[in-house]
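**Student:** Spelled out, the chains give:
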Amino acid sequence: MSPRSSRIRNVFEPLDSSLVTKMWQERFGISEQAFSGCKFFRKARSIWAISDVDLPALSYEAIGMRIMNCKDRPWKPTTSALQIFGQYATKNIIHLNQEEAMVFLEGGSQAIESKCENGYVVVFYRGDVLGCGLYSHGKLVSQIPKERRMASTVKGAECEA
Amino acid sequence: MYMDCLDRYREIVPDYVGFRAIQSLPLYNSARINTLKIEREKLLERLEEEGVLFRSFEWYPLGLKLDIESPGKLLENLLGFIHIQEELSMVPPLVLDPQPGECVLDLCASPGSKTTQISQMMENRGIVIANEPSLARVAPLRSNCERLGVLNVAVTRYDGRNFPRGPFDRVLVDAPCSSEGRERRGPGVLSRCSRERSLDLGVLQLSLLRNALRLTKPGGIVVYSTCTYAPEENELVVQEVLEDAEDLRLEKVSIAGLQECPGITEWNGKRLNDALSCTARYYPHINDTGGFYVAKIIKN
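One line per chain: the protein sequences are A and B, in this order. For the first sequence, the working numbering begins at 1 and goes up steadily by one. For the second sequence, the working numbering begins at 1 and goes up steadily by one.
Since the hints were made in silico from the structure, they are not lab data. No experiment lies behind these values; they were computed from the predicted model shown. Keep in mind that the hints are not guaranteed to be accurate.
As the list claims (entries may be wrong) - A few chain A residues facing chain B, derived, Cβ under 7 Å:
#1 S51
#2 L58
#3 E61
#4 A62
#5 I63
#6 G64
#7 S80
#8 I84
#9 R148
The beta carbon of each residue, even a glycine, is placed where N, CA and C say it ideally should be.
This is chain A alone, in the form it adopts within the complex (with noise of 0.2 Å):
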């Protein structure tokens, strides 16, 4: 079955690994190996991936982390997702300097100069991987949720222990 099948349905459903790491392979060329280890399951339009082991049968709020979504074309990788498997990615990479660094995590748009392929890509700074970006004919416009931007950290940030 098809990630983006049209089907939605609200329970998590084990999905074959092949039909992800081709996706992760074709658009950054990450490949299959980085993500052994884990096994994934659909949620609705979300993939999730999880560390791979036999779940205890109970009713589960999330498995693991939610690597994707594909509600719409292209499908979208989640910053969590490009921070841990994006340093692998060999394609469809943007290096920023500083000053565009800040401006990527404060969530805005900025004129870069690229030659990666339209749609997603991975944002790069200093060697770590800042998150997802769409890059689009010379702009880049940050895909950082709101809760993990520059600016909003000053609240929420720390939270209790």
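Assemble chain B onto chain A, guided by the hints.
**Tutor:** For chain B alone, kept in the frame of chain A given last:
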């Protein structure tokens, strides 16, 4: 004055005057290095480069005291290289001592500081079930797991008293409590504390701990922790479960470099189980921390 709810601990807290005096001193900021995303040495180098002043805990190399006003704003925090966490909150996972590949339950998980520490101790292998009944509290739990790059945690939303099935190798019950030990972090906590409130919480805590023990494999380990001084929420809860079953024993809680006081064995003139001295009380004036209670129970 609200701090008078501490008065009833006059007889059990060593250097009671020092204990009272430190309550009004704010706690320093601290963080845990997230080894799922960065090596300790690399993180320390980064902080040095950025001119952030820090000091490692004496008892835990992954714990850092940070001399900075808003550590949450650090890029290292946004990228999940560190997690802002109170010093003593790092103790229960160390006592639990989860191993890679095991099946572990964190019964009262949000906001996930201990969950994610357990996950990193397990090197993202095996499985941690992070249970949190409140939908509102699931959001910070999930967000912390995702930011910290955790891949071995699944979230459930059961009432912990009725969490349906195991079995688990290890269970952490970091129980909802009156939080008296958090006064230095959030002044005013003590205004909501009283013996009556502790007695009410004790009923909930006992149900949680009983269920945790039911869900644990023979030979498995349950760690029970609170951030309060109230015996009604600590030793008295543990004593009840020890009376319930003969197959339980307490193991001494002790962390090298961090000074604990033994759990009390007498309260209000009543003798308690002597084994409770194996449990640990951490007081704020002894290690310059918050306050915590930790018990380690082995199910034979």
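**Student:** Hint by hint, which ones does this structure get wrong, listed from lowest number up?
**Tutor:** Every hint satisfied by this model.
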